[in-house]
Amino acid sequence: MKKRAVNLGRTDENIAEQYPNIFEGLQKDATQNAWDARLTKKGKDWELIFRYVHDRNALVIEDFGTTGMDEERWEQYQSLWDTTKAEEDTLGARGQGKFLFHYFSQKKLVLTETVDQDGNYRFSWGTSEEWDDEGKNLKNFIPGARLLDHQGTRIWIMDIKKELLDELLDYRSFISYISATWWEIIRNCGATFIVNFDGVDREAALLELPSVKKERTYQDERIKGIGKIRNLVLRYCKNDVPMECRGVAVQRGGMTVLRLQVQAEESIKNKIYGYCNFDETLEMELKNCEFPNHFGFRPKKTWNHVRKYIGNKIDDFLLEITPKKEKIEVSDDILDRAVALVNNLIGDYAPELLSGPDSPPPPPPPRLLLRIGVFRPNQKKFEYNDTLLIDCEVINETGKDHDLSLNIKVQHKSGDEKFKSRYNLAIALKTRKKVDIPIIDFDERRDQSGRYRGEAVLINPTNSKVLHERAFTFYLHEEPPTRPPGPGKGKAFVSSFAFLRGKKPDGTMQYFGKWKNLPITDKGVIHVVWDHTDFIRVREVAGSKKARNREVLLYCANCGIDEAFRKLLELRYDDNRLDPDEIKRIKNICDEMIYEGVLTTS
Amino acid sequence: MPIRKKKIKIDGKEIEVDAYDTRLVPGSGKEEEAIESLYREDRIEEEIHKAVKKIDIVDQEYWHRKKDIWFYYEIGKILYFVEQKGFVKERNLIWERISNNLRPKVFFGKDKPPKNSKRYPEIMYLLAKQNKEDIPRLTWSHWFEILQYPKVYENRQVLNSLIVECEAKHLSSTQLRKLIQEENKKI
Chain A
3 MKKRAVNLGR TDENIAEQYP NIFEGLQKDA TQNAWDARLT KKGKDWELIF RYVHDRNALV
63 IEDFGTTGMD EERWEQYQSL WDTTKAEEDT LGARGQGKFL FHYFSQKKLV LTETVDQDGN
123 YRFSWGTSEE WDDEGKNLKN FIPGARLLDH QGTRIWIMDI KKELLDELLD YRSFISYISA
183 TWWEIIRNCG ATFIVNFDGV DREAALLELP SVKKERTYQD ERIKGIGKIR NLVLRYCKND
243 VPMECRGVAV QRGGMTVLRL QVQAEESIKN KIYGYCNFDE TLEMELKNCE FPNHFGFRPK
303 KTWNHVRKYI GNKIDDFLLE ITPKKEKIEV SDDILDRAVA LVNNLIGDYA PELLSGPDSP
363 PPPPPPRLLL RIGVFRPNQK KFEYNDTLLI DCEVINETGK DHDLSLNIKV QHKSGDEKFK
423 SRYNLAIALK TRKKVDIPII DFDERRDQSG RYRGEAVLIN PTNSKVLHER AFTFYLHEEP
483 PTRPPGPGKG KAFVSSFAFL RGKKPDGTMQ YFGKWKNLPI TDKGVIHVVW DHTDFIRVRE
543 VAGSKKARNR EVLLYCANCG IDEAFRKLLE LRYDDNRLDP DEIKRIKNIC DEMIYEGVLT
603 TS
Chain B
3 MPIRKKKIKI DGKEIEVDAY DTRLVPGSGK EEEAIESLYR EDRIEEEIHK AVKKIDIVDQ
63 EYWHRKKDIW FYYEIGKILY FVEQKGFVKE RNLIWERISN NLRPKVFFGK DKPPKNSKRY
123 PEIMYLLAKQ NKEDIPRLTW SHWFEILQYP KVYENRQVLN SLIVECEAKH LSSTQLRKLI
183 QEENKKI
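In the order they appear, the protein sequences are chains A and B.
Take the first sequence: its letter number 205 is residue 207 in the numbering used here, and every next letter is one higher.
Take the second sequence: its letter number 62 is residue 64 in the numbering used here, and every next letter is one higher.
It is worth saying that the hints were derived from the structure and are not from the lab.
Don't take each hint at face value.
Taking lysine to any residue pairs in the SDA-like style, the calculated list, with each CA pair at most 25 Å apart, reads [stated by the list, open to error]: (1) B:K153 to A:I162; (2) A:K548 to A:K569; (3) A:K164 to B:D13.
Anything over 12 Å on all C-beta distances counts as not near chain B; from chain A, calculated [claimed, not checked]: (4) D418; (5) T433; (6) R472; (7) A473; (8) F499.
Cβ-Cβ distance ranges computed for the label pairs, FRET-style [unchecked claim]: (9) A:E282 to B:K32: 44 to 50 Å; (10) B:V90 to A:L371: 47 to 53 Å; (11) B:E85 to A:K109: 22 to 28 Å; (12) B:K15 to A:L371: 55 to 61 Å; (13) A:G417 to B:K32: 43 to 49 Å; (14) A:R189 to B:R6: 41 to 47 Å; (15) A:S416 to B:I189: 58 to 64 Å; (16) B:I189 to A:G192: 49 to 55 Å; (17) A:T510 to B:K15: 14 to 20 Å; (18) B:K87 to A:S416: 47 to 53 Å; (19) B:K32 to A:Y575: 16 to 22 Å; (20) A:D38 to B:E63: 32 to 38 Å; (21) B:I10 to A:I225: 56 to 62 Å.
For every residue, glycine included, the Cβ atom is placed at its ideal position computed from N, Cα and C.
My request is simple: use the sequences and hints to build the entire structure.
Written as structure tokens, this is what we have:
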């Protein structure tokens with residue numbers, strides 16, 4: 003036996019683990035190999051048969067209308083991660099898919115027959131570790147079997163693992179995987195897929211889809227510097243679309259690589275399907291960032307642009323099909339501010355409760371009614387070929403509509419400007435507006451590595467007055483500095499919140515089970531009772547994850563304020579200053595803190 | 003991380019509580035992460051309680067459990083939820099919670115768990131992953147020895163030969179252990 007060039011001990015298992023669904027992966031890889039080898043561009047007379055041979059417990063994959071493997075292809079086929087194909091205009095790239103075949107076999111044994119255009123017959127047998135093509139023939143393994151007698155390839159996966167057999171032989175699922183992945187070549191090229199797992203030939207047909215209520219098509223649209231979208235079709239149906247077809251299919255070479263899910267209400271997104279295909283240049287670019295299992299793409303420049311383009315078009319389409327309504331969102335920075343709430347509020351109202359170093363705590367930022375609510379990058383560190391996506395929102399909490407200008411600038415620490423733009427925004431009263439800032443790419447030839455700063459300045463265009471400014475820093479091809487270890491700045495009352503259960507596993511209650519929290523410890527830890535009915539209620543009432551998180555934080559802040567109240571009473575008692583008026587005053591302070599807390603996080 | 007028993011001091015008195023591992027540190031910038039992690043702990047605890055209910059039923063069915071390998075297999079099948087629900091990484095702490103905190107009697111026959119208590123549920127969990135036909139061929143103590151050596155039980159051939167030898171020679175678990183250790187060295 004000839005050794006393969008690398009140690010492949012459990013490679014098939016490692017490869018199989020990369021697949022979200024190995025059965026879907028099996029048909030994808032088998033078809034991709036056969037479609038790459040089609041004799042004509044349109045796949046005339048191309049056919050692929052998946053047949054299970056019961057008495058041999060073998061799965062046979064046989065293609066027709068293909069080139070078969072000549073000497074060179076044969077050698078490549080026997081190798082793993084030979085990246086020759088990555089340079090070609092084919093679906094496969096790394097030749098690792100066939101190792102999934104070995105995974106399906108109990109003994110990892112796969113037999114391969116091929117006949118090339120000159121009629122040369124080749125046969126090999128092997129595991130994921132070894133293979134050979136001399137000294138034995140098909141009949142040594144399968145007595146009485148007929149040899150491959152047409153141009154093409156036939157693969158025998160021998161002795162299928164018992165634990166995989168039931169799911170593999172579920173021909174309905176297998177056919178639906180084929181139909182959902184290869185619908186484009188079935189529809190456009192008449193590609194034929196036959197699945198015969200129980201002695202009956204069944205052809206994979208196009209999935210039946212509900213009638214379309216609204217359709218939007220985009221053709222030959224160019225994404226600047228990336229390539230051309232050949233077709234983007236979005237359809238909204240009268241009824242729910244089958245699960246496997248929901249979302250927008252991203253196609254490459256006739257294969258559905260993934261389906262981008264639509265972010266909308268359940269009742270709407272279940273009725274949307276579509277697809278997107280690309281010109282040759284863009285297909286090639288996408289191939290370079292595709293995962294070897296053909297189930298997705300790496301978040302590299304090309305895919306980021308394509309995903310954003312499709313995402314924008316889906317958003318437009320959703321606006322067309324759904325009644326317009328104002329989206330109410332809670333921005334992330336509110337959460338950041340809310341968690342520091344207790345300490346800030348206590349700093350304002352009862353500073354004597356704070357402990358820690360003597361430096362004064364920073365004053366809380368002034369609350370502006372017209373402000374930049376969100377301004378942040380998608381990452382803190384970038385590499386060349388990564389893309390910067392800026393999330394930006396402007397908020398108008400005043401009682402009237404405003405016309406504003408927003409200047410955005412991204413520059414290197416040396417002063418070199420990377421991006422500069424001005425946006426004129428008309429924001430209705432009590433609303434927020436998302437600013438659509440284009441994707442920013444980094445190129446090794448043009449962009450310096452190091453620290454960059456993004457700045458946003460909100461201006462009143464009538465008097466050029468600066469209303470609000472925000473900024474962020476990020477690093478290109480350089481590690482961001484790490485914060486030095488040691489205690490944080492400023493004083494604090496609460497160092498952390500810990501959580502425990504008021505109910506014991508046997509159903510009885512701890513003696514503190516009806517308390518919201520335990521008294522604050524010397525180290526500033528407040529133990530909050532997680533299963534207190536009040537806490538359960540606030541968590542359940544919240545409609546979304548974001549709202550729920552906000553409620554959790556607010557509840558913790560309230561517990562902190564309750565503790566502050568108790569501590570203040572103790573302090574006043576120790577000072578002999580506790581009288582009914584003082585109790586009332588402390589109560590009022592705590593009420594004000596809670597009020598301020600709710601206001602800050604709402 | 004699942005919930006754990008912890009001793010904390012309340013007003014100078016030490017008390018045992020069921021505490022979450024996650025802490026929420028104001029101003030750390032990881033508050034949302036912490037809340038999500040709290041919810042995960044809660045989900046794990048919920049699943050643990052579901053599993054414990056099922057374990058109680060099995061415990062009642064197999065009153066003569068010490069001699070019945072299927073008792074261990076059935077418990078193992080219940081513990082398999084860690085894989086189905088995606089808690090495999092936290093499984094050691096889940097075992098600790100179930101066997102030490104919640105049902106020591108079911109797992110160890112007494113209220114106080116032994117030293118290597120986490121191994122019991124782990125072995126039952128691994129047992130449930132074996133071929134059903136092989137299960138009654140050995141006793142619990144034999145399986146206990148075998149399933150402590152991943153290289154051995156993952157190798158179908160070696161496992162088969164051990165089972166056959168054990169059946170043919172009626173090996174004790176100590177004899178089997180020696181044999182397994184030898185095989186383990188060879189692999």
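Hints and how they fare:
1. Under the criterion of a C-alpha separation no larger than 25 Å, the hint pairing K153 (chain B) with I162 (chain A) is consistent with the structure, at around 23 Å.
2. For the hint pairing K548 (chain A) with K569 (chain A), the CA-to-CA distance comes to about 32 Å; that exceeds 25 Å, so the pair is violated.
3. A threshold of 25 Å between alpha carbons decides the hint, and for K164 (chain A) with D13 (chain B) the separation of about 61 Å lies outside it, so the pair is violated.
4. Against the 12 Å criterion, D418 (chain A) stays outside the reach of chain B, whose nearest CB is about 30 Å from its own CB.
5. Distance check on T433 (chain A): its Cβ is at least 24 Å (rounded) from any Cβ of chain B, clearing the 12 Å threshold; non-interface status holds.
6. The beta carbon of R472 (chain A) sits about 16 Å from the closest Cβ of chain B, which is more than 12 Å, so the claim that it is off the interface holds.
7. Every C-beta of chain B lies more than 12 Å from that of A473 (chain A), the closest at about 17 Å, which supports listing it as non-interface.
8. Not every Cβ of chain B is farther than 12 Å from the Cβ of F499 (chain A); the closest lies at roughly 4 Å, contradicting the non-interface assignment.
9. For the pair E282 (chain A) and K32 (chain B), the supplied restraint of 44 to 50 Å holds, since their beta-carbon distance comes to about 45 Å.
10. Restraint check, V90 (chain B) to L371 (chain A): a C-beta distance of roughly 50 Å satisfies the suggested window 47 to 53 Å.
11. Taking the beta carbon of each, E85 (chain B) and K109 (chain A) are about 26 Å apart, inside 22 to 28 Å as hinted.
12. A hinted range of 55 to 61 Å for the beta carbons of K15 (chain B) and L371 (chain A) is inconsistent with their spacing of about 50 Å.
13. A hinted range of 43 to 49 Å for the beta carbons of G417 (chain A) and K32 (chain B) is inconsistent with their spacing of about 34 Å.
14. Our hint of 41 to 47 Å for R189 (chain A) and R6 (chain B) is violated, since their Cβ atoms are close to 56 Å apart.
15. Here the CB-CB span from S416 (chain A) to I189 (chain B) is close to 59 Å, well matched to the stated 58 to 64 Å.
16. One distance hint, 49 to 55 Å for the beta-carbon pair I189 (chain B) and G192 (chain A), holds here, with the actual separation near 52 Å.
17. A beta carbon spacing of about 18 Å between T510 (chain A) and K15 (chain B) agrees with the range 14 to 20 Å that was offered as a hint.
18. For the hinted restraint 47 to 53 Å between K87 (chain B) and S416 (chain A), the CB-CB distance of approximately 52 Å keeps it satisfied.
19. Between K32 (chain B) and Y575 (chain A) the beta carbons are some 37 Å apart, a value that contradicts the proposed interval 16 to 22 Å.
20. Separated by about 56 Å at the C-beta atoms, D38 (chain A) and E63 (chain B) break the suggested range of 32 to 38 Å.
21. Here the CB-CB span from I10 (chain B) to I225 (chain A) is close to 57 Å, well matched to the stated 56 to 62 Å.
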